[in-house]
Amino acid sequence: MIFSNILIYFVVIPLVMLGLLFLCRNMNQIRTVAVVGSTALVALSVYLVIDFLHLREAGADAVMLYTDSWMWFEPLNIHLAIGVDGISVAMLLLSAIIVFAGTFASWKIDPLPKDFFLWLILLSTGVFGFFISIDLFTMFMFYEVALIPMYLLIGLWGTGRKEYSAMKLTLMLMGGSAFLLLGILGIYYHSAPEGGKLTMNLLEISANNAIDHNWQYFLFPITFVGFGVLGAMFPFHTWSPDGHASAPTAVSMLHAGVLMKLGGYGCFRVAIYLMPHAANELAWIFLILTGISVVYGAFSACVQNDLKYINAYSSVSHCGLVLFAILMLNTTAMTGAVMQMLSHGLMTALFFALIGMIYGRTHTRDIRLMGGLMKIMPFLAVCYVIAGMASLGLPGLSGFVAEMTIFVGSFQHEDMFHRVFTIAACCSIVITAVYILRVVGKLLLGPVYDEHHLTLTDAKWWERLSTVTLILCVAGIGCFPNWINDMIHNSFLPIIEVLTK
Amino acid sequence: MDYSQFLVMYQEIGLLVLILLVFLFDTFSSKEAPRGLSMFTVVLFGLLTLAGFVTPCCKEVASAFGGMYVTSPTMVAIKNVLNIGVFIVLIQAKGWAHSEFMRVRRGEFYELLLITLFGMYLMISARHFLLFIIGLETASLPLAALVAFDKNRYESHEAAVKYMLTAVFSSAIFMMGLSFVYALAGTLYFSDIAASVIDGGAMLIVAVAFVIAGMGFKLSLVPFHLWTADVYQGAPTSITSYLSVISKGAAAFAFFVIMVQVFGPFYNQIWEWMLYALIILTITVGNLFALRQKNLKRFLAFSSISQAGYIMLGVIAGSAQGLGSLIYYILVYIFSNLAAFGVIQSIESKTGRVDMDSYNNLYSTNPKLAFTMMLAMFSLAGIPPFAGFFSKFFIFSTAVASGSVALYILVLIALINTIISLYYYLLVVKAMFINNQEDCVIAPFKSSVSDRLGMWICVAGIILAGIVSCIYNGIVNTSVHNPEYIFTIFAN
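Chains as they are written, first to last, in our numbering: chain A, -2 to 498; chain B, -9 to 482.
Derived by calculation from the structure, the hints in this document are not laboratory data. It is possible that part of the hints are untrue.
[Claimed, not checked] When the alpha-carbon atoms are kept at most 20 Å apart in a straight line, the in silico DMTMM-like pairs for lysine to aspartate or glutamate are as follows:
1. B:Lys358 x A:Asp112
2. B:Lys284 x B:Glu262
3. A:Lys498 x A:Glu278
4. A:Lys439 x A:Asp455
5. B:Lys284 x A:Glu160
6. B:Lys340 x B:Glu101
Only chain B is shown next, with the shape it has when bound in the complex (with noise of 0.2 Å):
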């Protein structure tokens, strides 16, 4: 057996070994309160993030395990982008995981959420179902427990037993979809999958339709979204932002690979339409939702769908450059969000508040906090020069390159959309720099430093990431010049 490819598996190796590692100091230090282990996963974390930027391998696309397991430049780009996000959830986590309650759970908490991120690495780089089932089931079953994690409120439970259902009736639809798809053409390789199927008929069909179904509960795209708000809302702070990413950063990435890997060839003829569909509905009813919520997590929850709905406009051009701006897109997302989350999560552990309400006036009593809010909700909704602006824009332009007259119309549609989606970020601006109110919710407090350092990288981020052009040039490189394993079918 060539034990070289298993080098091409550094990523998930190290990530594997990370996990062994909190684990073994998580069993054998002290039983009431391991001490350091915080510290230890997020500097370990560090370094695993950091390695992805510098290991001179996968300069180009290799493969293991007969094909099954695919990486190259571009893959190794979108896991160095979660890790990005995975390691400031880590930091910003460190105050609720340091919380009396999660005393005894916290080597928990590291371990199910390492695991899960190991799951997406797998879902981004399977290129065999079988596989990628595997990636898909690690990712999402230890989630649930992470929702349950607040084991004192009953939102909470209600939480992880509606994600529960809905990851598990969605991998069966799934599933579902993939037996028809193996009865079509006798194989689970992508590639092997779109060269054999020539003309499937309403098999086809209903094969591509519940392979989008099963994708779209993972993405919250509507019509699979209803699950989004009631778990965000009552799953814990760390973990809502965790979802609201990483995991679905994740999914957008896999779902652009299957689509436009597996089922390219059969675009025009059958899921075209479905696809713009998703998107218009994605984006306008994330929208509408949005607009009429109090409560701050469900709030971004319906604010996340919709955005989703704009990370899905990258894989209607299906070229590299597509694929380019979608990591791009989930980058800046990442930024954006997780600022939001950190502020959120801050205020939460201080005053246990999350209504918009008591955010009212917040710049007179903590003018930082309100400031990286006003920031992340910018950067959301698009305004420049944040980095916002620009992956919208990418995202846009990718979209009409193609030059009918109809994705002009989606693009429109999704531009007035931004107009709707920017109201509902002013209102949160607008709470917290210009509505008056004589008592203030909030009193001034300070953050920890962990939560400040949370917000300062999302910050630079928001800020830099736009500006310096290296950013978006490199990673949509990855992907042009290593175009063989994107298969730019779309004849049009």
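Bound conformation, chain A alone (with noise of 0.2 Å):
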């Protein structure tokens, strides 16, 4: 039976919030539906994480777990595959927290509220079911489904030069799932041996290890571009400042900070498991471009004055670090990217969620014509720094895990190529911390520049609920990263074995 698979409810509780939001009639029933739904996801993912935990420690050691399959299209074999490994596990849980921290900073969206939480719940199925997903077909279905919102609400909700961000997210997005498209078409008739029966399960198709060498040259690019195109690699990032920066706050949390997740999980999951001989011939030229993308990156956050344009041009740098550490194919590197991504969401969308607030207030993101919010704002203020200080890494906070262990891992190769490019990488911390503190210092310190900003007010319970459960969830993995690292590491092993073999 369908429904006693705990995963389904991950896409359930999604689609029935769909249909409750369309019976709402006025902004109360909405709050209480996205809360009561998005609270009852992060209670699902919490317990799923429990629960994975111990099935593992119980010694239930298959590559995923909660696995379950049921036929879809049979003429090309194509199922409703579900199953999880630990990086999904915590994947989940990053976009449960972020779902839950989106809804009360979009406490008071206007216009259209009922219609904006539509969106967002729409966006947030695609990004569930992507993570549940071990079959290519419903993977690139929730995909393209976590896509589409994204052109009304920022289209809608948006600012600045909205129609035309929305505009170029959509279409170079699309364009990248198009490739995608290609690869899995690929992947898919090469699936299986000679005779053998075409499959799109991840599981099986790795177990055939059919794909021969020279289709992999071919597939292993595509579908990296087609997945790296939303983890913002450098020839393709462009859509991410113009996108974040004109999408309304809790967009901008859900795409920076688990959207663009899927990019990078994509890429391993499906670039690297299934074609390791491409993987680890090929990785050289993604890894010159993830490089520029971190360096450059940061270096253009450097020169921005929107504070939404600086978080973007971060995200790309912090995003191509994560694709970067991927590249790496160790298993060390590539834990920390996958740390790397659940650090970045939490601390990007607690960016957002700030940034979200303060234009709210001040109705400017220019850097030039505000100082000294410290004193009129201090808690929103005080949150801000520790989210900069996490970005630039400071210890006890998540950033700091995530790169250790990327840099670590990185520096285990010993050849120059790979050295000097985890050395180029590392440089961007301090480009970081010039950005960060450049902010940090207009920004927040300073005398006041605007007289008018001394009437506002700080946060209120909803904004202060969103950027504390997310500041908690950065300091206890800054604090406590072993059960997740462990959880993480030992999900890479199937994919490292690969990659050796």
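Bring the two chains, given one by one in their own frames, into a single complex with the hints.
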């Protein structure tokens, strides 16, 4: 029976929420549905983490747990196949937390609150569905479900050049998924040895190991680029700053916090796991591109004056680091990559939430027009500093754990090429410090720039709830990284195994 | 004479009886305005559609008239798909058919429309070129009359003349091709032609090219598409929607059967590259022209040109699964396109506007119409979880099945084109949802019951036809389990 599997509820709950939202008549009902639903998702994901760890301790050592598969489209052998390993569990938890925080960050959304939450929940349905799928078709379907609501979310509730940004973002991401679709078709038609039954199931494809090397050379790059576009890989990152700058707060949070992780997750789950030979041979090309992302993103952030642009470029840099670490193809670096996904997800969501709150009060995001906010809104300002510290890798916060693991892992490669790139990427930490401290200094400290700002108030309770949740998670990972580190580390072993075969 | 073979043609005969009943009803009811004619036609046609699904006969391939006429579960499936489409068109046309101007001509409209459907049935089931030609002409000529139905509008006349000339011209070219085929093979039976032509040389190439060109006019493939936009714009909207889905769907199926069954053995040798070129041109040119259209009917004309290119991808595989995906694509395309036309028609009948600018901010005045239009656009663009995504995925996956690199490149071009098409479909969504204009052109209004019913059916189809997998599985199974009549000739 389909509902006996706990994972399916990650899709069922958002769908029920969608149905209820349709019936809502006023703001209170909308908020109730959103809060109850997102709390249920957080509870479910926490329960899943605990249960997952218990199962692993009890000796369940399959690659994926909670696996189930139902035939969907028989002629193409497409299943609705679900299952999770430690990485997906961590990503589900991250998504649930950010949806929860995003709900509170958009407490006063205007206009059309009902439509806003409908699209937001549809987006999160796609995200959750993506992380629980192990069938390429379902995965791809949920991936696209997560992309398209962005168009209306940015176009309707965004600010600035929203129409341009929304169109650019949608077309670029859909362009990426066009390559991805071709990659998936290629993988499907080579998924089984001659005469075998073709399949879309990740685990079966990997076990068959039937994609011959020439095809891998063709399929790996297009699949990697397909996901890489969403992961803001260098030449394809331009949608990210515009999109994030125009998007409303909760959408920026979800997009930078979760959606960009779909790219990184897909890169190792599909591109690297299924085509290990080509991954070993071609990783260097993408390593160069992602290396450029890391450094270039950080430098670009230094010269921006718009708070959202600063953060968006910083996201390019940090997400570049995720892909960079994945391409190092060893356990330590890849574990670091997922830690970085979690860390960056929480931290960026926090940043965007705070920026949204500040913008809601001052009606400007230009740091040249603000100053001394620490005196006016101390709570928000302190939170901003904490987020900044997490971003530049202060020990005790999540950024440090993630970046440390990545660079230790990357440095394990002994050849010149990898070392040089590792050192170059390390430099980005220093640049990060530059732009973070620049913002903190100009925006929060110093004299009050604009007299009108003196009348502004500090955070409301829903805003506090949203930010405190995120800060607790950031600090939680920073102080107690062990359990999550182990969970992720163990889940990478099967991937590393196919890479070294 | 064995009369049981007429039973095989039960769908055609049922339709013919229906046409006669409508004719009698129209003739013997009051002269001024035949009351209840629309209801009568729609209900009877609905019953006929249902009958297609429940009739127990034709579980296997059956033929009549010495093999001129063949039917099989797959053909029943495509006829059912067309029936669903025509049923929706009839419902949507009710408002137009009841306008003052249509009062005395309502009967003609239904009769002519259903006769063309009868012609399409014959095109689908014909296995002899003479019967095929009869079907083709029966399907085209009454349509020209229908296109000219708005006799007070200049554009309608212009469109009818254009349609008439191209229809006749393309039939002529088609028959020219057939005469070459007959010269080579000495027969016009589909299966005999494939067996008796060994190597035709240049003459065969010309024959294939002429046949493709003739069918290309029907399908409005580029470069035979020039009539499409003007005719779509000029014709009454009900007829445009009928032309764009039903006529195209029947022609696509017939094209598949002719190309695979008659010319299948020469695929690699002669028409593989012709088909590739046609597909690339059709998709790309259709898309590029759609980008700049401001009139929504013209816009959908170009979008339907590029959709025809995607449908042609199903021909490449030449397999039972390719045919199944093609039929499924047509079904989904019917739902999506008719939803769009339903909205256009509803708004046109209230305000007379069909330009995209007048749709600005439609969401604030008529949210349900805007929502339907958005679903239609998303489905046409292939966005999940709507049906268009599934149909595109399946047609792409059957296209690359044989695995040559050229096919991957072809599909990549098609995929890049879906991005271009996404841009212009989103422009419509943008106009309705995002564009802000203080003075909305379209005031809030309530569409008529029949319009709403038609749109509800389409919306249900858009949402369910993809997710409910038994539809696709069922369609493919009809052809997979009865492969006798599709010659899987493609050697590669």
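Cross-check of the supplied hints:
{"no.": "1", "hint": "B:Lys358 x A:Asp112", "in the structure": "holds (13 Å)"}
{"no.": "2", "hint": "B:Lys284 x B:Glu262", "in the structure": "violated (36 Å)"}
{"no.": "3", "hint": "A:Lys498 x A:Glu278", "in the structure": "holds (13 Å)"}
{"no.": "4", "hint": "A:Lys439 x A:Asp455", "in the structure": "holds (19 Å)"}
{"no.": "5", "hint": "B:Lys284 x A:Glu160", "in the structure": "holds (19 Å)"}
{"no.": "6", "hint": "B:Lys340 x B:Glu101", "in the structure": "violated (26 Å)"}
Violated hints, listed in ascending order, are 2 and 6; each of the other numbered hints is respected by the structure.
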